[in-house]
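*Asks:* Sequence:
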Amino acid sequence: MDNNLDTMFRVSSNPHVRAKDTTSRIMLYVVIALLPATLFGVFNFGFHALLLVLITVLTTVLSEYIFDRCMKKNITIMDFSAVVTGLLLALNLPPNAPLWIGVIGGVFAIIVVKMLFGGLGQNFMNPALGARCFLLISFTSIMTNFDCDAYTGATPLAVLKAGESVNVLEMIVGRTAGTIGETSMIAILIGAVFLLVMKVIDLKVPASYLLSFVVFLLLFSGRGFDVEYIVSQLAGGGLMLGAFFMATDYVTRPITAKGQLVFGVFLGIMTGIFRLFGPSAEGVSYAIILGNLLVPLIENVTKPMAFGKKKVKKEAG
12 MDNNLDTMFR
22 VSSNPHVRAK
32 DTTSRIMLYV
42 VIALLPATLF
52 GVFNFGFHAL
62 LLVLITVLTT
72 VLSEYIFDRC
82 MKKNITIMDF
92 SAVVTGLLLA
102 LNLPPNAPLW
112 IGVIGGVFAI
122 IVVKMLFGGL
132 GQNFMNPALG
142 ARCFLLISFT
152 SIMTNFDCDA
162 YTGATPLAVL
172 KAGESVNVLE
182 MIVGRTAGTI
192 GETSMIAILI
202 GAVFLLVMKV
212 IDLKVPASYL
222 LSFVVFLLLF
232 SGRGFDVEYI
242 VSQLAGGGLM
252 LGAFFMATDY
262 VTRPITAKGQ
272 LVFGVFLGIM
282 TGIFRLFGPS
292 AEGVSYAIIL
302 GNLLVPLIEN
312 VTKPMAFGKK
322 KVKKEAG
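Under the numbering used here, residues 12 to 328 are what the sequence shown spells out, in order.
Think of the hints as simulated: they come from the structure by calculation, not from any bench.
Think of the CB as a built atom: it goes at the ideal place given N, C-alpha and C, for glycine as much as any other residue.
Check the hints yourself; a few may be wrong.
Distance windows between CB atoms, simulated [stated by the list, open to error]:
{"hint": "1", "residue 1": "D32", "residue 2": "G164", "range": "43 to 53 Å"}
{"hint": "2", "residue 1": "L180", "residue 2": "Q133", "range": "36 to 46 Å"}
{"hint": "3", "residue 1": "A173", "residue 2": "I86", "range": "47 to 57 Å"}
{"hint": "4", "residue 1": "V238", "residue 2": "F128", "range": "23 to 33 Å"}
Please model the entire structure based on the sequences and the hints provided.
*Replies:* Set out below in structure tokens:
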């Protein structure tokens, strides 16, 4: 056989499609995109919020470094994934939470959810959200206490759930109680636009998530087409942060286009169920975690047909 022809038919091991973007560059883009929400959170809640962010990020980075050293593996902290995990976890913490909450959550996110399952690319759920749910279950009173020097009382969604009115404009700007990074819809959307422009994410998951959530509200909230109510639901409870920064996680979302749409619709429905019919006014974290667990099933149902194959219809009888 001709040597040139022989070379043409040689197939190397995957991956076969390569891009200029590296993991570290993508993670760095995510860090940059999270800066507006982070900076606004520090401005909104004060110095303790800044300390909590720094301690949580430091904990996630050190946890990954120590685990790699103990297991005699390559040090992976330079891919910035631990920084992203720590930053997302910190932005999901109450601004008045004690610093040790960030330490416990950071260790759990990296060691339990990420590294024990093989590290980046092997975790079955979003590490930051896994840690947040762990903290919510273990330290409920701390994780649901949003009183601080700037704000006292319930979050806007809790007020809304109680049937009272909220200031929608303040929710959009972010001058309300809540976790460090969830309050400002504007700051989150600035970061989301950056990720879209840099093509780190696309709109399949966020758009299907938010649209299905709005449809669920229209059908089951009993408020009809109440624009003020719908916007306040979209602006509160970390929905925007979850839709653009956590539901779009490459590892824990489906890889198929149809699967991503199904995933987003599932998240929208589950978030609506948790918010309208559950005891909590939020529900984004639990919805995404449940969605993460169902990703293998979603991918199996929505996987495209292999090239060269066709569906065979079974004849009756």
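*Asks:* Hint by hint, say whether it matches the structure.
*Replies:* We went through each hint and held it up to the structure:
D32 and G164 have their C-beta atoms about 44 Å apart, which keeps the hinted 43 to 53 Å range intact. Hint check: L180 to Q133, Cβ distance near 43 Å, so the stated range 36 to 46 Å holds. A hinted range of 47 to 57 Å for the beta carbons of A173 and I86 is consistent with their spacing of about 49 Å. Judged by the Cβ atoms, the range 23 to 33 Å given for V238 and F128 is violated: they are separated by roughly 43 Å.
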